[in-house]
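Below, each chain spelled out in residue letters.
There are 4 protein chains.
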Amino acid sequence: MTVRFGLLGAGRIGKVHAKAVSGNPQAKLVAVADAFPAAADAIASAYGCEVRTIEAIEAAKDIDAVVICTPTDTHADLIERFARAGKAIFCEKPVDLDAERVKACLKVVAETKGKLMVGFNRRFDPHFAAVRKVIDEGKIGTVEMVTITSRDPGAPPVDYIKRSGGIFRDMTIHDFDMARFLLGEEPVFISAHAAVLVDKAIGEAGDFDSATVILETESGRQAVITNSRRATYGYDQRIEVHGSKGVASAENQRPVSIEVANADGYTRPPLHDFFMTRYTEAYAAEIEGFIAAIEKGATITPNGEDGLKALQLADAALQSVKEGRRIRLG
Amino acid sequence: MTVRFGLLGAGRIGKVHAKAVSGNPQAKLVAVADAFPAAADAIASAYGCEVRTIEAIEAAKDIDAVVICTPTDTHADLIERFARAGKAIFCEKPVDLDAERVKACLKVVAETKGKLMVGFNRRFDPHFAAVRKVIDEGKIGTVEMVTITSRDPGAPPVDYIKRSGGIFRDMTIHDFDMARFLLGEEPVFISAHAAVLVDKAIGEAGDFDSATVILETESGRQAVITNSRRATYGYDQRIEVHGSKGVASAENQRPVSIEVANADGYTRPPLHDFFMTRYTEAYAAEIEGFIAAIEKGATITPNGEDGLKALQLADAALQSVKEGRRIRLG
Amino acid sequence: MTVRFGLLGAGRIGKVHAKAVSGNPQAKLVAVADAFPAAADAIASAYGCEVRTIEAIEAAKDIDAVVICTPTDTHADLIERFARAGKAIFCEKPVDLDAERVKACLKVVAETKGKLMVGFNRRFDPHFAAVRKVIDEGKIGTVEMVTITSRDPGAPPVDYIKRSGGIFRDMTIHDFDMARFLLGEEPVFISAHAAVLVDKAIGEAGDFDSATVILETESGRQAVITNSRRATYGYDQRIEVHGSKGVASAENQRPVSIEVANADGYTRPPLHDFFMTRYTEAYAAEIEGFIAAIEKGATITPNGEDGLKALQLADAALQSVKEGRRIRLG
Amino acid sequence: MTVRFGLLGAGRIGKVHAKAVSGNPQAKLVAVADAFPAAADAIASAYGCEVRTIEAIEAAKDIDAVVICTPTDTHADLIERFARAGKAIFCEKPVDLDAERVKACLKVVAETKGKLMVGFNRRFDPHFAAVRKVIDEGKIGTVEMVTITSRDPGAPPVDYIKRSGGIFRDMTIHDFDMARFLLGEEPVFISAHAAVLVDKAIGEAGDFDSATVILETESGRQAVITNSRRATYGYDQRIEVHGSKGVASAENQRPVSIEVANADGYTRPPLHDFFMTRYTEAYAAEIEGFIAAIEKGATITPNGEDGLKALQLADAALQSVKEGRRIRLG
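Note that the protein sequences, when read in sequence, are chains A, B, C and D. Sequential numbering of the first sequence, starting at 1, is according to the working numbering. Sequential numbering of the second sequence, starting at 1, is according to the working numbering. Sequential numbering of the third sequence, starting at 1, is according to the working numbering. Sequential numbering of the fourth sequence, starting at 1, is according to the working numbering.
Treat the hints with caution; some may be incorrect.
DSS-like cross-link-like pairs, simulated, lysine-lysine; straight-line CA separation at most 25 Å [unchecked claim]:
hint: 1; chain 1: D; residue 1: Lys19; chain 2: B; residue 2: Lys19
hint: 2; chain 1: C; residue 1: Lys15; chain 2: A; residue 2: Lys28
hint: 3; chain 1: A; residue 1: Lys200; chain 2: B; residue 2: Lys139
hint: 4; chain 1: D; residue 1: Lys139; chain 2: B; residue 2: Lys15
hint: 5; chain 1: D; residue 1: Lys93; chain 2: D; residue 2: Lys162
hint: 6; chain 1: D; residue 1: Lys139; chain 2: A; residue 2: Lys139
hint: 7; chain 1: B; residue 1: Lys139; chain 2: C; residue 2: Lys245
hint: 8; chain 1: C; residue 1: Lys107; chain 2: C; residue 2: Lys93
hint: 9; chain 1: D; residue 1: Lys139; chain 2: C; residue 2: Lys200
Which residues of chain A face chain D? A few of them, derived with a C-beta cut under 7 Å, are [what the hints assert, rightly or not]:
hint: 10; residue: Tyr266
hint: 11; residue: Thr267
hint: 12; residue: Pro270
These are calculated hints, taken from the structure and not from any lab test. In this text, all values refer to a predicted model and were calculated from it rather than measured experimentally. By construction, the Cβ of each residue, glycine as well, lies at the ideal position given by its N, Cα and C atoms.
Throw the hints in and build the complete structure from the sequences for me.
Listed below in C-alpha cells is the structure:
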C-alpha cells in the first residue's frame with residue numbers, strides 16, 4: 001500500500017516534509033496547496049506533484065493523508081476540516097496557542113475517529129530515541145531525574161516573538177513533550193523561573209529569553225529544563241536521564257566531527273546552527289512513523305492529547321513565573 | 001617564614017590536612033590533638049609532630065595557626081577560643097548547623113580581628129578554579145546561568161543523615177558556595193524541590209535524597225543545582241557556566257582515563273568513588289591558599305561570611321520545599 | 001542543465017548510486033543495465049527509470065553520463081567503450097587490478113578526451129574533507145605526518161579474498177588514496193609489513209589480514225597506515241594529520257551518540273558496522289561532485305591517474321612485504 | 001622495615017626522586033651527593049637529609065639503596081660500584097648509550113647478585129598500567145597491534161641532542177620499552193623511518209627529529225611507534241592496543257580538564273607541556289614499586305635486561321634507517 005499525501009503549506013518546514021514524503025517508498029506526494037502560488041509551484045516542480053487548492057485536496061479521492069504546515073492560527077480549523085473529510089492528519093506543532101481551542105479541536109477529531117499526529121519531531125531524533133530505548137530496556141533502572149538543556153543558536157526577530165505565544169509555548173513546549181516522553185509519569189507540579197538576559201526588546205515585547213522549569217511527578221521524579229534564546233556555540237540540545245541503576249545521556253551534534261589542536265588547545269567546530277540541520281534525521285523519521293502508523297492501523301504517537309498536555313504545561317509555567325510559586329497541574 | 005600548625009581532630013579529614021600541612025614547604029605541623037589518643041598518635045608518628053591537648057595548643061607560643069577537624073558541634077566554640085588566642089583558623093565546614101550560632105561566632109571573630117577560613121575546598125579544585133578564571137578573563141562575557149550537577153556515589157548511613165542537618169545543610173551547601181563563587185551576583189530568590197527516591201529510610205529520618213534548587217539574582221541570573229545521594233557510576237561533579245559570549249564547563253574526573261572497545265561498545269571506567277580521591281588536589285591547594293594568605297597578610301577566602309551565606313541558603317531551601325514556593329532571601 | 005544518467009550494474013553499490021543520482025536536483029536517472037533482469041527491474045521501479053542493455057545505453061542520445069558498478073574485471077573495458085561513446089564516466093574503484101591494463105585504459109580515456117572520475121568516496125566524507133580544508137587553510141602549517149587507521153568490522157569471505165587482488169589492492173588502496181589526498185607531496189618510498197592474525201584461511205589463500213604501511217616523500221613527510229580485517233567495535237576509520245603548527249584529526253562515527261553510565265563505567269555504542277552506513281554522506285557528495293564537475297566543465301578529481309597511483313602503491317607494498325625492504329617508487 | 005636511601009645526583013630528576021622517597025612511608029632519604037654542593041644542600045635542607053660524598057654513601061652502613069640520577073656517562077660505573085657495595089640500585093635510563101658497556105655492567109650486577117631497576121617510568125603511569133591490566137585480564141583477547149604516539153612538546157637544545165645518542169636512544173627508547181611491555185612477545189624484526197622536519201640544526205648534528213618505527217614479532221604482532229620532537233599542543237603520549245576481542249587505549253592528559261565553547265567552537269586546554277608534570281604519578285609509583293620489591297624480596301621490573309633490550313632496539317632502528325631495510329634482531 002502506498003499512502004497518498006496532500007501538503008498544506010509550502011514554506012520552510014513544508015519543503016522538509018515534501019522531501020521526506022517523496023523519499024519514502026511507502027508514500028507518494030500527490031498535491032500541494034499554498035496561498036503563495038510560487039511556493040506551491042516550486043514544490044510541485046521539484047517533486048513532480050500537482051498544485052491544488054485546500055478545498056480540492058479536502059475533496060480529493062486520491063489523497064489519504066495531509067501534512068499541515070500552514071501558519072499556526074489555521075491549524076485547528078484545518079485539523080477539524082480534514083478530520084471530517086476522513087484524511088489522516090500530520091500537523092506541525094502547536095495545534096493552537098489556546099488550550100480551550102485545542103480541546104474543542106480534539107473533540108472533533110475524537111468524534112470523527114480521526115487520526116492525528118502532532119509534530120514533536122524530537123521524539124524521532126535517533127539519539128533521543130536511543131535514550132528512551134535504554135530506559136525501556138531497564139538499563140538505568142527506575143527513572144528519577146531528567147535534565148534537558150535546550151538553547152537556541154540565536155533569538156528570533158521580535159516580530160516573531162510577539163506572535164509566538166511566548167517562550168514557554170514556542171520553545172519550551174518541545175522540552176515539555178520531551179520531559180513527558182522520558183519521565184514515565186505525568187508531572188503534577190510545575191515551577192518556572194524566567195528572565196530577560198539576551199535581548200531587552202524581548203522583554204519589552206512581554207516575553208522572556210532565559211528560563212528554568214522544574215516538573216515534579218507524584219512519586220517525586222523531577223525534570224529540569226533550562227532554556228536560552230542564545231548559544232554562541234550552536235544549537236545546544238542535550239538530555240540526561242538519571243535512574244536508580246545509572247544514567248543515559250545524548251550528546252550534542254555537530255556537522256563535522258573533527259578536532260584541531262595547536263598551542264591554544266584542542267578545538268572542535270561549533271554545533272549545528274539551525275534546527276533543520278540538527279533534526280534532519282528526526283524530520284524524516286517522524287514522517288516515516290506517521291506513514292507506518294497509517295499503514296498498520298497502529299496508534300499514532302505523539303497525538304493531539306500530547307499536544308494539549310505540552311501546551312497546558314506551557315500555560316502553567318507562565319502562571320508559575322507570574323505568581324512566584326509552584327503550580328499544581330490538572 | 002614558616003607557619004606553625006596545630007591540628008584539632010585526627011580523623012579522616014584530619015589526616016588529609018596533616019599530609020597537606022606537612023608537605024607544604026612554608027608550613028610545619030607542630031602538634032595534634034584528638035579525644036582518641038590512638039588517632040593523635042598515628043598522625044604524630046607519621047608526620048613527626050607532638051601530641052598535645054587542645055588547651056596546650058591554645059596556649060602554645062610555637063603555634064601560629066590551627067586546622068579544626070573536630071565534630072561539627074564543636075566548631076563554633078573552638079573558633080571562638082582560638083580567635084581569642086590569636087591563632088589563624090582553618091575550620092572545616094560548617095561553622096555550625098544553626099545560623100544564629102554562626103552569627104554569634106563570627107561576631108567574636110570580628111571583635112578579635114581573627115583570621116578565619118572555612119573549608120569550601122571545591123573553590124580550590126583546579127578544574128573549577130580554571131572555570132572561574134575563564135569567567136574573570138571575560139572569555140564567556142556576562143554570566144547568565146550556572147548549572148551544578150552534584151551527585152554522591154552513595155548515600156551515607158541513616159545515623160549520619162540524622163545528625164547532618166539534612167541534605168541542604170550537609171550536601172547542597174557545597175553547591176551553594178560554588179554557585180556564589182561563579183554567579184558574580186548574590187542570589188535574591190531560592191526555590192527548592194526535594195524528594196525521597198533513593199532510600200526510604202532517609203525519608204523516614206525526615207530528610208530527602210534528591211533535590212533541585214534554583215537561585216536567582218536581582219538581574220535575573222540563575223543557578224540550577226541538581227543533587228542525588230546516589231550515582232552508581234561514581235562521584236558526579238560537574239559545573240557549566242553560560243555567559244553572553246559562550247559557555248565554560250568542567251568535566252568529571254576519573255582515576256584512570258582509558259577506554260576499552262569491543263562488540264558491546266566503548267567503555268571508560270567509572271568516576272572517582274570518594275570525595276577524598278576526587279578532591280585530593282583541592283584539599284592540598286586549599287591549605288596552600290590558607291598558608292599563603294597568612295604569610296602575605298592577605299584577605300582570606302572563603303571566610304566565615306561565606307560559610308554563613310551558604311548556610312542561610314540551605315535554611316531557605318528547606319523553607320521553600322516546605323511551603324512549595326519561591327523564597328526571597330535576606 | 002540536467003545531467004542524464006545510465007547506471008551499469010544494479011547490485012549493492014549500484015543501488016547507493018541510483019539513490020544519489022535520483023535525489024540530486026541537477027541529475028536524472030534515465031536507464032539501468034544489469035546481467036540480472038530482476039536487479040535492474042528493482043531499481044527501475046524504485047526510481048522510475050528504464051531498463052536497457054549496455055549497448056543501448058552506449059548508443060543512447062538521451063544519456064550524458066554513466067556510473068559503472070559492474071564487477072571489477074569489466075571496469076576497464078567499459079571505461080574504454082563509454083569514453084569512445086563520449087559519455088562522462090564515474091567508475092567504482094579499481095579501474096583494474098593490473099596496473100598495465102589501467103595504463104592502457106587511461107590512454108584511451110586521454111585519446112578520447114574522456115571525463116573519468118574514480119570512486120575514492122572517502123575524499124568526499126565531510127569529516128575527512130574538513131581535515132583537508134584545515135590543511136589548505138594553513139591552520140596546522142606544513143604537513144609532516146599523516147596517520148590513517150583503517151580497520152574493517154569483519155573479514156570478507158575467503159572467496160571474495162581470492163578475487164580481491166589482496167589486502168593492499170582491495171582495502172589499503174582507499175588509504176593510499178587518502179594518504180596522497182592529505183600528504184601534499186607524492187610518496188617516493190614505501191615499506192609494508194603484513195601478517196595473518198585474524199583468520200588462517202586468509203593466509204592459506206595467499207593474502208594477509210593485518211598490515212602497516214609507511215609512505216615517505218622526498219622531503220621526509222610520512223604517512224602511516226594501519227589495517228586490520230577485524231574490529232569488534234565497528235568500522236574504525238580515523239585520520240590524523242600532524243603539521244608544523246598543530247594537528248587535525250577526524251574522529252570515528254557511530255549511528256547514535258549516546259552514553260550510558262553505571263557501576264561498570266561509561267559506555268558509548270559501537271561504531272558503524274558497515275561501510276555503506278559509515279560513508280552514506282560521502283557517497284552522495286561524491287556523485288554530487290561528479291555532476292558539478294560535468295556541469296561546470298571543471299577538472300574531475302579523483303581521476304584515472306589517481307586510481308593508477310593508488311594501485312601502483314598497492315603493488316609496491318606487496319613487493320616490500322615479499323622482499324622485507326623499503327621500495328623506491330616510480 | 002624502612003628502606004634507607006642515598007641519592008646520587010641532585011638535579012632536576014634527582015629532586016623528583018627525593019620527593020618520592022621522602023613522601024613514602026616505607027622509605028627514608030638518608031643522604032644526597034652531587035658534584036655541585038649547592039644542589040645537594042638544597043635537597044638536604046628541603047628533606048632533612050645529610051650531604052655526603054659518593055664514596056661515603058658507598059661505604060655507609062645506614063644506606064640500603066641508591067637512586068642514580070647523575071649524568072648518563074657515569075651510570076654504568078656507579079651501578080657496578082654500588083652493586084659491589086651490596087646496595088639495591090634504581091638507575092635512571094639509560095644504563096649506557098653503548099650496548100657492549102651495558103652488557104659488561106649487567107655482568108657485574110649478575111655476579112654480585114645485585115638488585116637493579118631501570119627507570120622506565122612510563123610502565124608505572126596509572127593509565128598505561130591500566131591498559132596492561134586490561135590485556136592481562138584477557139578483555140581484548142590476543143594482542144595483535146600496539147600503536148604508540150609519542151611526541152615531545154618541543155625539541156631540546158642541539159647541545160643536548162649531540163650528547164643524547166640520537167632520537168632512538170634518547171626518546172624512542174621509552175617507546176621501545178612500552179612496546180615490549182604491551183606486545184606480550186619479543187620483537188624479531190625492526191624497520192625504522194626517520195626524517196628532519198622540525199629543526200635543520202638537528203639534522204646538521206647528525207640526528208633526526210621525526211620517526212616511525214615498526215616492530216614485528218615471530219607470530220606477526222606489530223608495534224607502530226610514531227615520534228616527533230615537536231607538538232605545539234603539548235606532550236602527546238597515547239597508546240592503543242588492538243587485540244582479537246577489542247581495543248584498549250590510554251588518552252592524553254592535561255593539567256585541567258575544562259572546555260570553553262563560543263562561536264569559534266569547543267576548546268579544551270593544551271596537554272601537559274613537560275614530562276615531569278605529565279608523569280608525576282608515574283615517578284612516584286616507580287619508586288614505590290622499587291621499595292616494595294626490595295622489601296618483599298620480589299623480582300625487580302623493569303631491570304637491566306629491559307634496559308639492554310630497549311637499547312638494542314634503538315641501535316637496530318638506526319641501522320634500519322641507514323640501510324633502508326628491515327633488520328632481524330638478536
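Hint-by-hint comparison with the structure:
With a C-alpha separation of about 14 Å, the suggested pairing of Lys19 (chain D) with Lys19 (chain B) holds against the 25 Å cut-off. Between Lys15 (chain C) and Lys28 (chain A) the CA atoms are separated by roughly 20 Å; this keeps the pair inside 25 Å, and the hint holds. Taking the CA atoms of Lys200 (chain A) and Lys139 (chain B), the gap is near 22 Å; set against the 25 Å cutoff, the hint holds. Among the hinted pairs, Lys139 (chain D) with Lys15 (chain B) is inconsistent with the structure: their alpha-carbon atoms are about 37 Å apart, more than 25 Å.
With a CA separation close to 17 Å, the supplied pair Lys93 (chain D) and Lys162 (chain D) stays within the 25 Å bound. Simply put, Lys139 (chain D) and Lys139 (chain A) have alpha-carbon atoms about 22 Å apart, close enough for the 25 Å limit, and the pair holds. Restraint check for Lys139 (chain B) and Lys245 (chain C): the C-alpha separation of about 24 Å stays at or below 25 Å, so the hint holds. About 17 Å separates the Cα atoms of Lys107 (chain C) and Lys93 (chain C), which keeps this hinted pair within 25 Å; it holds.
Straight-line distance between C-alpha atoms of Lys139 (chain D) and Lys200 (chain C) comes to about 22 Å, which keeps the hinted pair within the 25 Å bound. For Tyr266 (chain A), the suggested interface contact is upheld, since its CB lies about 5 Å from the closest CB of chain D, less than 7 Å. Restraint check, Thr267 (chain A) versus chain D: the minimum CB separation of about 5 Å is within 7 Å; hint holds. Contact between Pro270 (chain A) and chain D, as hinted, is supported at the beta carbon level, the nearest pair being about 5 Å apart and thus within 7 Å.
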